[in-house]
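S.K.: Under UniProt numbering, the sequence shown has 136 at position 136, and the numbering climbs by one with no breaks.
Worth flagging that the hints you see were computed from the coordinates, not collected in a lab. One should not assume that every hint holds.
Pair ranges (Cβ atoms, derived) [claimed, not checked]: (1) MET75 <-> PRO233: 43 to 51 Å; (2) PRO184 <-> PRO88: 26 to 34 Å; (3) LEU78 <-> LEU44: 16 to 24 Å.
Here a beta-carbon is modelled for each residue, glycine too, at the ideal position from N, C-alpha and C.
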Amino acid sequence: MYHFFGRRVVWLCYYSHGHQLLFYQYPGNNYIPPIFLTIALFLLLTYSGAILQYGRSGNLTLMIKEAIYYYTVVMILLFACNAIQYTPFPPIDKYILKFESSLYINMEGIVRWTREHPNINTLLMYSYRTLDYQLNFIPILVIAAKRFQLMREYYFLLFSSALIGYTFYYFFPTTAPASVIDSPLFFEAQRATGLKFQQIHSYIQPTTLEGGMIATPSFHAIWAWFCLYLLRPWPIAFGILLIVNLLLFTSCILLGWHYPIDLVASVIIVLIAHKLYAICQRPLYKKSIYKP
1 MYHFFGRRVV WLCYYSHGHQ LLFYQYPGNN YIPPIFLTIA LFLLLTYSGA
51 ILQYGRSGNL TLMIKEAIYY YTVVMILLFA CNAIQYTPFP PIDKYILKFE
101 SSLYINMEGI VRWTREHPNI NTLLMYSYRT LDYQLNFIPI LVIAAKRFQL
151 MREYYFLLFS SALIGYTFYY FFPTTAPASV IDSPLFFEAQ RATGLKFQQI
201 HSYIQPTTLE GGMIATPSFH AIWAWFCLYL LRPWPIAFGI LLIVNLLLFT
251 SCILLGWHYP IDLVASVIIV LIAHKLYAIC QRPLYKKSIY KP
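Just need the whole structure built from these sequences, with the hints factored in.
M.R.: Now the structure itself:
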């Protein structure tokens, strides 16, 4: 199932890269780390050694094989990030800001309140930064527990949400509050999101990799939820991470990384991804019921 959405994400990459090479030739960042080939070679050699030592059905062999799958998924998503940064469309941040202002949402006021409470600000900053660790370690722990079916569901959710969210960003790009609100309250990394977009579309090689790229939807929130969802068979770990990620979701807005509407969009995409997975599971469920 996840192969279907994975291929669509790759097609989106080819479309974006091809369109930009033919018509725009923008410069851009490379979000794939230089060490990726070394890691790929290490995983393949380790997998080959495990096959020789334990056979194709050995526990260690299966775990390394699943780690290769996960690594491939991550590389495809990073390749997609490289592609969609070349969107030729103007950002829609000013419309989001205008819409939220009509709802009496004041992003600068929200960020100011957070900065005026340093303990809360520090707690939210730490929680926001946990996502990198979650993405790196939680899937590996699930693989080590040999819960491979959970990982396949995880791949499906990652690909389906990326296909929806990345496509939306490509046609309706966003650069986060710090790019449209002139305030000293924002961090340099937050301003870097808009700076990169401006430099790319001014044919200037981006001067930084700092900050994010997509404001709407918040993939910080989407991926944090998927990491949490991976831990649902382990109630204690799930409960601990739930507290951390509730703070993370809150930090997306209170620290000024995202507009409130970004989290609404994230919830919608998460619900769609889960619904798509449930729909794809129905034929398998019926087949298991009627199997003679």
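S.K.: All the hints need checking, so say for each whether the structure fits it.
M.R.: Okay, the hints, checked on the actual structure:
1. Checking the proposed 43 to 51 Å range against MET75 and PRO233 shows it is violated: the Cβ atoms sit about 27 Å from each other.
2. Take PRO184 and PRO88: their Cβ atoms lie about 32 Å apart, and the range 26 to 34 Å holds.
3. Between LEU78 and LEU44 the beta carbons are some 18 Å apart, a value that agrees with the proposed interval 16 to 24 Å.
In summary, the structure is inconsistent with hint 1 from the numbered list given earlier, while agreeing with all the others.
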